[in-house]
Amino acid sequence: MSAAMAMPAPVLSCRGVVKRFGGLVAVNNVDLDLAPGEVLALVGDNGAGKSTLVQTISGVFRADGGAIHLNGEKQVFASPEDARRAGIETIYQDLALCDNLTAADNIFLGREIRTRRLGFLPGIDESQMREKAKTVLDELHIRIPDLDAPVRSLSGGQRQAVAISRAVYWQARIMIMDEPTAALGVPEQRKVMDLIRMLKGRGTPVILISHNMQDVFEISDRIFVMRRGSKAGDFVTARTEPNEVVRTMIGG
Amino acid sequence: MTVQSSGGVGSADAPAAATRFLKLLGRVWAWLFLLALVLFFSATTPHFFDLFNFQAMGANMAIVLVLALGQTFVIITGGIDLSVGYVMGLATIVISLIMQHMVGQPLPVALLAGTAGGLAVGLVAGLFNAFVVARLGVSPFIATLGTLGIAQGLAYVLSGGPPVSIPIPGLGQLGNGYVAYWHAQFGLSFFEMPAGVTGPEVRNVSGFIPLQLLYALILTGLCAWLLSSTQFGRHVYAIGGNAKAALRAGIPVKRNLMKVYVLSSVMAAVAGLMYVLRYTGGVANSGDALLLSSIAAIVIGGASLFGGEGRITGTLVGAMIIAVIQNGLVLYGIDPFWQYAAVGAVIILAVLADQAKLRIAR
Ligand SMILES: Nc1ncnc2c1ncn2[C@@H]1O[C@H](COP(=O)(O)OP(=O)(O)OP(=O)(O)O)[C@@H](O)[C@H]1O
Ligand SMILES: [Mg+2]
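So the sequences go chain by chain: A and B.
Start counting the first sequence at 995; every next residue gets the next number (the numbering used here).
Start counting the second sequence at 449; every next residue gets the next number (the numbering used here).
If you're looking for bench data, these hints aren't it; they were derived computationally from the structure.
Zero decoy hints are in this set.
Here chain B is said to cover these stretches of chain A; the calculated rule only asks that three of the stretch's residues, wherever they fall, bring their Cβ under 8 Å from a Cβ of chain B:
1. 1062–1075
2. 1091–1102
3. 1105–1111
4. 1116–1122
Computed from a predicted structure; not experimentally measured.
Beta carbons: idealized from backbone N, C-alpha and C, even for Gly.
Next comes chain A alone, as it looks inside the complex:
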């Protein structure tokens, strides 16, 4: 088998990425590749730098060193909006939803559908946003009891589902999920895992941060281990086992 066939050109490629907070090196010289359609699990102990790495990729932080390439093109994201425009959708560990707004408002947050009322008054097209939100939620088999209620009134899993459908609606080229199941009960965790599987089925590459080894082994194609800011290992899921990954995490 040729090398090119074994390793298709990565969608996302990080080379020597560094991110410092004052004297603390949170991400230290990390190389990471994400292949098309691949689910990459990003694991590591608390404070290993997982969230910082993905937030550097999604434009929240500016890298202090190294380069990020998307489909071979070098990217410098000045803001999360830049990264979103390039097709990187992120679901943050602390869930970036506006609790006082509806599911549709959240799906279209910052990218509202605009219209002109009476032909001249600039406004937003709420009914169209609501329709499209309903379509994407239905497509993902997500049931929201009241589309006009603020998302504050939804369960943790439903809120997570709203965040995921936002990424799906905007046709993420890469989906980053930072502990999407951390705050959920077991049944809702299963449902989020199903959603990730569905994304995979659509060919969207996913970076998934998780502390749950069972989930990681169940869903990922590759496992990327970080330890104290650095890359500590990169395994093909089918050719490793939990003990080896955990040992790499804690540096045994």
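Keeping the supplied structure of chain A fixed, place chain B with the ligands upon it in accordance with the hints.
Coordinates of chain B with the ligands only, in the frame set by chain A:
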């Protein structure tokens, strides 16, 4: 696969119905309270339920309402603008000083110059607040308290203390007039008394729809559209709900915050202009007592001081409630200074209700 709340159907629906009821109550309680007040004062005082008393209340609440309109946006972002009262006062002084220098000029020319000066005051004060809050990151409470002091100082220095009056004929009509007039003999007219009415006959003319109220309602409509139907309005809610999420979604949070503080100060200047039209002059502390009433109107209307919640229709009903309470106290012959205590108490009650609502929602 279906993502929905765990728990049985019955156990999930009962709280949902209760929550829906509470939410409905939260939205309409202010209207019910207004209705109760109107019924109470109508039943217990002879002069309350009267078209002309209602019109007087409408004219009296106009300035407070306009102050509250801009402030509503600020409060929804989770901020507060304490400077509106003295920005309004400073605007009345600047407008009046400019127009004093233009006595002898035609009214529209003088008015245009005065208005431009007043709006400039609002714009500068708003940009200053916006800069200190959004760019320097000072808390809105402290930043606008500082601006309050600066505007107060400037207003007293420029005016020297006493009111500045504008002896230009026709000015007061713009602030005290009505949209329509009716006289049994001389008939109907618009924007001025029916031709031919002179001397004591003036007393037999009835006015309909005070101009002050008309101005305030037009501005209310504009602000309601801005807040509920535009992208800017939606972003105001998003910032108040979760500023970090708004930022990550690519909403220019700082720029929107700046717009909100500029809007608040410009509305304060417009309130100042309305004051000048009504009293044909300016007074440094004309807006001082109105700050309390305007914030009360907003919180009574259901806005949360934690940000994220509030509506222009809420602010409108809040302003009406305050106007009715003030009017009722006067009709009862109670010392009008008690109104401050009453409004203060109503603010605290409304905020307590808001906190209880949040606790229930959790
Ligand atoms: N905004 C910040 N400012 C300063 N230090 C930070 C910031 N964010 C993270 N850090 C530090 O960087 C290091 C890496 O944190 P990070 O959140 O990336 O870890 P993590 O791997 O996501 O951990 P967890 O599994 O607990 O979420 C930690 O020491 C953390 O304290
Ligand atoms: Mg993390």
